[in-house]
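I would like the entire structure built from these sequences, with the hints used as guidance.
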Amino acid sequence: MSAQQSVADESSAKRSGLRRPLRMLPLIELAVLCVIVAAPFALNGRPDLITLFTNIIILSLLAISFDLCWGFSGILSFGQALFFGVPGYVIALVGRDLGISQIWLTIPLAMLTGLLLAFVVALFLLVGRRPTPIFVALGTLTGSYAAERLVSGWQYVGAGNGLSAVKLLQMGSYEFVEGIEFYSLACVILLAVYLGARALVRSQFGLVLAGIRQNEERLAFLGYRVQIFKMLVFSLAGMISGVAGALYSYHQGFIGPGNMGPGLSTQAVIYCLLGGPGTLIGPVIGTAVIELLTYVLADIESIRQFWPVFLGFVLLGIILFQPNGIVGVAVSIRERIGSYGLRRKGAGRQG
Amino acid sequence: MTLLKVTSLTKMFGQLRALDGVDLTVRAGTFHGLIGPNGSGKSTLLKVIAGAYAPTSGTIRFDDINITGAPPFERARAGLSLKFQITSVLPELSVYDNVLLALQSRDRLVSLLSSRTRRILDDKVMAALDRFGLAGRADDLAGVLSHGQQQWLEIALALACRPKLLLLDEPTGGMSPEERRVTGDLLRPIRSECTLVIVEHDIDFIKNLCDCLTVLDQGRVLDEGSIEQIEHSTKVQEVYTSRV
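Taken in order, these protein sequences are the chains called B and Z.
Take the first sequence: its position 159, counting from 1, is numbered 159 in this note's numbering, and each next residue is one higher.
Take the second sequence: its position 215, counting from 1, is numbered 1215 in this note's numbering, and each next residue is one higher.
Everything labelled a hint here was simulated from the structure, so no lab data went into it.
All of these numbers come straight from a predicted model, not from anything done at the bench.
Careful, some of the hints might be misleading.
Derived coverage of chain B by chain Z (criterion: at least 3 residues anywhere in the stretch with Cβ under 8 Å from a Cβ of chain Z; other residues may be distant) [as the list claims (entries may be wrong)]: (1) 204–211; (2) 215–227.
Just the calculated beta-carbon pair ranges, DEER-fashion [to be verified]: (3) Z:1106 with B:45: 19 to 29 Å; (4) B:135 with Z:1025: 31 to 41 Å; (5) Z:1106 with B:198: 18 to 28 Å; (6) Z:1066 with B:154: 27 to 37 Å; (7) Z:1109 with B:128: 17 to 27 Å; (8) B:24 with Z:1174: 34 to 44 Å; (9) B:315 with Z:1017: 48 to 58 Å; (10) Z:1193 with B:128: 48 to 58 Å; (11) Z:1021 with B:329: 53 to 63 Å; (12) Z:1106 with B:195: 25 to 35 Å; (13) B:329 with Z:1218: 52 to 62 Å; (14) B:171 with Z:1109: 52 to 62 Å; (15) Z:1193 with B:316: 28 to 38 Å.
Quick partial rundown of chain B residues pointing at chain Z, CB under 8 Å, derived from the structure [to be verified]: (16) 334; (17) 337; (18) 339; (19) 340; (20) 341.
Where is the CB? At the ideal position from N, CA and C, for every residue including glycine.
See the structure below:
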């Protein structure tokens, strides 16, 4: 069934007086929150799984940043890892060369780095009369690839080996080591970012983004300076990637060229598409599914070699047959699109 | 008072001269019709005025400001509003949100981020929808409206921006006779709010609505004047009869 058909069916059901369907997104969000909160208790004896879950939380931030660009604003950023890797390198260097790893200095520094870098990239790619989506996609991809090649050959930043033994993240004299503490910190940051992004996309600003995603030209004729909105959301997404990059660098104790290249950028796209673009919670679910499957299946000797190929086919199938991702199975198109105005009882039932 | 003055406007698409030195003057408070055979350049003229196409040469002055090189958003902010020939409502947004989007287009960024005007604009959104008989469809997605309703929603969007000059490109295209009549009834009262330039093939519709007409043919102005003058224009009659 096509998206339009399904929308038409829902709409006609509503007009004929049928009960408004249950809203699924808040339930899914609540379920994910429960899993995130319960995970450390359930996995207390498994530090390897705590590390895995911490990675999922950190990569979810990267996936959310891509979702803000693509799922909500229609900006196809194929180089999102650039804004993840560069801040990761910056905080690693600040720790190595200046001995600074205090959370209130380095996390804002990573955010600022991601924000400014994304802003500069946006100046090149999003400003202009009508930059096409393919131009933006190729531009971001090229930026990500070029940065990866640059650091691969730059001895000051460790060249191909990257920077290892990154100083531990500190809060005063307290050090965040790998484990429950770091997981809790990552969860708090994910929650803050999620709630902030949720408020943004549901605001009147979010309505403008939804309009831009559907018909950029139409919005210009309504008087919107579309490029400003796109630059702003792209920069904010860069800032979120920056936090993720810093957390990754501290958590792994390592940052390398691959953390800003097309490989990780593509991963962010896949996390989002698999989970469900334009939902915020979808990218979190997509990241968890892929990382958990990779962890479980890569350990099975007989399929270890074939696992990436298998994963590739699964993803291809989802993109072809379930473009709204895993979340799209339970959440209707109408609910995903949402409403930005005030809710009025009985509206939409008279027509 | 002249609201819009187009001088020697030319638009080339490769070797094709879609507009060839068009002069057009629209007085404030009037309903001005643009008619002509298919391919005469009517829609192109509207799009050049609104900023969708850049002119090859010529000037456009709106409200005594030269807007020839201004981007569409600046023209919209100056008070120009265009309803496209092909409906371009945002199909994946609700009918309500389409109008809200138009109404909040003059809000500042901070106001949009904090959703400051959402409550204030609610009544205006519903009033705009009510005016076009769409209040009952407020929560439906715009993409599921009938063609006629999408056309009305499009006009509601254009009017929500409170334009000084409303440019309507074939607002009754694809409508039933009854829907055309209703559209005429909906448009007549906006005379007190703005000036109108309308492109339309339905001559009867234009005659019942407009004060003056400009006739285009092959990218040039063939004739202009009151409805009566155009009806008796031999040049216009020749063009229309020769094409039938």
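Results of checking the hints against the structure:
Closer than 8 Å: that is the beta-carbon criterion, and the region 204–211 of chain B has 6 residues meeting it against chain Z, so the requirement of 3 holds. Against chain Z, the region 215–227 of chain B contributes 11 residues with a C-beta closer than 8 Å to a partner C-beta. That satisfies the three-residue criterion, and the hint holds. Checking the proposed 19 to 29 Å range against residue 1106 of chain Z and residue 45 of chain B shows it is violated: the Cβ atoms sit about 59 Å from each other. Between residue 135 of chain B and residue 1025 of chain Z the beta carbon distance is about 40 Å. The supplied range of 31 to 41 Å therefore holds.
Remark: the range hint 18 to 28 Å for residue 1106 of chain Z to residue 198 of chain B is upheld by a beta-carbon distance near 26 Å. Distance hint for residue 1066 of chain Z and residue 154 of chain B: a CB-CB separation of about 51 Å, inconsistent with the stated range 27 to 37 Å. Distance hint check: the CB atoms of residue 1109 of chain Z and residue 128 of chain B are about 21 Å apart, consistent with the given range 17 to 27 Å. Restraint check, residue 24 of chain B to residue 1174 of chain Z: a C-beta distance of roughly 37 Å satisfies the suggested window 34 to 44 Å.
Between residue 315 of chain B and residue 1017 of chain Z the beta carbon distance is about 51 Å. The supplied range of 48 to 58 Å therefore holds. Between residue 1193 of chain Z and residue 128 of chain B the Cβ separation comes to about 35 Å, which falls outside the hinted range of 48 to 58 Å. A hinted range of 53 to 63 Å for the beta carbons of residue 1021 of chain Z and residue 329 of chain B is consistent with their spacing of about 59 Å. Between residue 1106 of chain Z and residue 195 of chain B the CB atoms are about 29 Å apart, so this pair conforms to the stated range of 25 to 35 Å.
The supplied range of 52 to 62 Å is met by residue 329 of chain B and residue 1218 of chain Z, whose beta-carbon atoms lie about 56 Å from each other. In this structure the hint that residue 171 of chain B and residue 1109 of chain Z lie 52 to 62 Å apart at CB is violated, the actual value being about 34 Å. The given range of 28 to 38 Å is broken by residue 1193 of chain Z and residue 316 of chain B, whose C-beta atoms sit roughly 53 Å from each other. Evaluation of the residue 334 of chain B hint against chain Z yields a held restraint, the C-beta minimum of about 7 Å falling below 8 Å.
The criterion of a C-beta within 8 Å of any C-beta in chain Z is met by residue 337 of chain B, whose closest approach is roughly 5 Å, and the hint holds. Because the smallest distance between the Cβ of residue 339 of chain B and any Cβ of chain Z comes to about 6 Å, under 8 Å, the interface hint for this residue holds. Hint status for residue 340 of chain B relative to chain Z: holds, with the closest Cβ pair at about 5 Å, below 8 Å. Interface hint status for residue 341 of chain B: upheld, as the beta-carbon distance to the closest one in chain Z is roughly 5 Å, under 8 Å.
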